[in-house]
Amino acid sequence: AQSVTQLGSHVSVSEGALVLLRCNYSSSVPPYLFWYVQYPNQGLQLLLKYTTGATLVKGINGFEAEFKKSETSFHLTKPSAHMSDAAEYFCAVSSPGNRDDKIIFGKGTRLHILP
Amino acid sequence: DAGVTQSPTHLIKTRGQQVTLRCSPKSGHDTVSWYQQALGQGPQFIFQYYEEEERQRGNFPDRFSGHQFPNYSSELNVNALLLGDSALYLCASSLVPTEAFFGQGTRLTVV
Chain Z
1 AQSVTQLGSH VSVSEGALVL LRCNYSSSVP PYLFWYVQYP NQGLQLLLKY TTGATLVKGI
61 NGFEAEFKKS ETSFHLTKPS AHMSDAAEYF CAVSSPGNRD DKIIFGKGTR LHILP
Chain B
1001 DAGVTQSPTH LIKTRGQQVT LRCSPKSGHD TVSWYQQALG QGPQFIFQYY EEEERQRGNF
1061 PDRFSGHQFP NYSSELNVNA LLLGDSALYL CASSLVPTEA FFGQGTRLTV V
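Just so you know, the protein sequences line up as chains Z and B, in that order. The opening position of the first sequence corresponds to residue 1 in my numbering, with each subsequent residue numbered one higher. The opening position of the second sequence corresponds to residue 1001 in my numbering, with each subsequent residue numbered one higher.
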């Protein structure tokens, strides 16, 4: 069974500071990994994804994440936080190669940006 | 392209009633998945439809059922509503597993 653990339900950073949101996954097969963002009263928007190949993936709005198999991690980073980054972020995993492409989400991390 | 559209955006139902939520997938997408997102939680997979059949199902009771139409649109039905069914219901469509697009969701409140 697959699962995702997001460390920290709330993270606060100052505007201009580094953003680091932590995600660890569990999967018995090679995973596909995702980060989604959700703004208040909105659906989910895909930030970035890892499927195969390069382990450092770049997404929209300056975010990137690195797949580390040895650490079963897929942490999300952004060098300089902007006020517009305040939102809920979800790490997720799926395994389409196993004909099981449902997405399993973590509980989310709410990112607060301090002025 | 309108993306994934869901209707209604909000609704309030009474315990014991039945509800139907609707989803129109992104143009060209043939797979529709439904998720339940309780307040303060991550989305949880309910089921997935492909070629008008339920292909996968999460850990939800039989009160939750669905349907997919020939035009790939989908409905989620919930019978005998409980207070605990109050949540944001999200629909996602995809053509390939690595690219799921989500709608804005339907906020269901059961009173």
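I should point out that these hints are in silico values taken from the structure, not numbers from a laboratory. Heads up, a few of these hints could be off.
Said to hold, decoys possible - Residues from chain Z that keep clear of chain B, each with C-beta distances beyond 12 angstroms, as calculated:
1) Val4
2) Val13
3) Glu15
4) Asn24
5) Ser28
6) Gln42
7) Thr55
8) Gly62
9) Glu71
10) Thr72
11) Thr77
12) Ser84
13) Ala86
14) Pro96
15) Lys102
16) Ile103
As the list claims (entries may be wrong) - The calculated EDC-like cross-link candidates involving lysine to aspartate or glutamate, where the alpha carbons are at most 20 angstroms apart (straight line), are:
17) Lys49(Z) with Glu71(Z)
18) Lys107(Z) with Glu88(Z)
19) Lys49(Z) with Glu15(Z)
20) Lys58(Z) with Glu1099(B)
21) Lys69(Z) with Glu88(Z)
22) Lys49(Z) with Glu1099(B)
What the hints assert, rightly or not - Coverage of chain B stretches by chain Z, computed from C-beta distances (three or more under 8 angstroms per stretch; other residues unrestricted):
23) 1076-1083
24) 1099-1106
Where a beta carbon is used, it is the ideal one built from N, C-alpha and C, also for glycine.
Hints, one by one, checked against the model:
1. Some Cβ of chain B comes within 12 angstroms of the Cβ of Val4(Z); the nearest lies about 8 angstroms off, and the non-interface call is violated.
2. Annotated as non-interface, Val13(Z) keeps its C-beta farther than 12 angstroms from every C-beta of chain B; the closest such distance is 21 angstroms.
3. Every Cβ of chain B is farther than 12 angstroms from the Cβ of Glu15(Z); the closest lies at roughly 25 angstroms, confirming the non-interface assignment.
4. Listed as outside the interface, Asn24(Z) is consistent with that label: its C-beta sits roughly 14 angstroms from the nearest C-beta of chain B, beyond the 12 angstroms cut-off.
5. For Ser28(Z), the non-interface assignment is confirmed: its Cβ lies about 17 angstroms from the closest Cβ of chain B, beyond the 12 angstroms cut-off.
6. The Cβ of Gln42(Z) does not lie farther than 12 angstroms from every Cβ of chain B; its closest approach is about 6 angstroms, which violates its non-interface assignment.
7. With a least beta-carbon separation of about 16 angstroms from chain B, Thr55(Z) lies farther than 12 angstroms from that chain, consistent with its non-interface assignment.
8. Non-interface status of Gly62(Z) relative to chain B is upheld: no Cβ of that chain comes within 12 angstroms, the nearest being about 21 angstroms off.
9. At the 12 angstroms boundary, the C-beta of Glu71(Z) stays outside the reach of chain B, the nearest C-beta of that chain being 21 angstroms off.
10. With 12 angstroms as the threshold on Cβ separation, the claim that Thr72(Z) sits away from chain B holds: the shortest Cβ distance comes to roughly 18 angstroms.
11. A cut-off of 12 angstroms between C-beta atoms confirms that Thr77(Z) is not in contact with chain B; the least separation is 20 angstroms.
12. No beta-carbon of chain B is positioned within 12 angstroms of the beta-carbon of Ser84(Z); the least distance is around 19 angstroms.
13. Annotated as non-interface, Ala86(Z) keeps its C-beta farther than 12 angstroms from every C-beta of chain B; the closest such distance is 16 angstroms.
14. A Cβ of chain B approaches the Cβ of Pro96(Z) within 12 angstroms, the least distance being about 3 angstroms, so the stated non-interface status is violated.
15. For Lys102(Z), the non-interface assignment is contradicted: its Cβ lies about 4 angstroms from the closest Cβ of chain B, within the 12 angstroms cut-off.
16. Distance check for Ile103(Z) against chain B: the nearest CB is about 6 angstroms away, which does not clear 12 angstroms, and the non-interface claim fails.
17. Simply put, Lys49(Z) and Glu71(Z) have alpha-carbon atoms about 18 angstroms apart, close enough for the 20 angstroms limit, and the pair holds.
18. Between the alpha carbons of Lys107(Z) and Glu88(Z) the distance comes to roughly 10 angstroms, so the proposed pair stays at or under 20 angstroms and holds.
19. This hinted pair does not check out: Lys49(Z) and Glu15(Z) have alpha carbons roughly 25 angstroms apart, beyond 20 angstroms.
20. Taking the CA atoms of Lys58(Z) and Glu1099(B), the gap is near 15 angstroms; set against the 20 angstroms cutoff, the hint holds.
21. For the given pair, Lys69(Z) sits about 25 angstroms from Glu88(Z) by alpha-carbon distance, which is inconsistent with the 20 angstroms threshold.
22. The hinted pair formed by Lys49(Z) and Glu1099(B) meets the criterion: a straight-line CA distance of about 9 angstroms does not exceed 20 angstroms.
23. Residue count for the segment 1076-1083 of chain B with a Cβ under 8 angstroms from a Cβ of chain Z: 0. That is fewer than the three needed, and the coverage hint is violated.
24. Check result for the segment 1099-1106 of chain B against chain Z: holds, 7 residues qualifying (beta carbon to beta carbon below 8 angstroms, three or more required).
In summary, the numbered hints that this structure violates are 1, 6, 14, 15, 16, 19, 21, 23.
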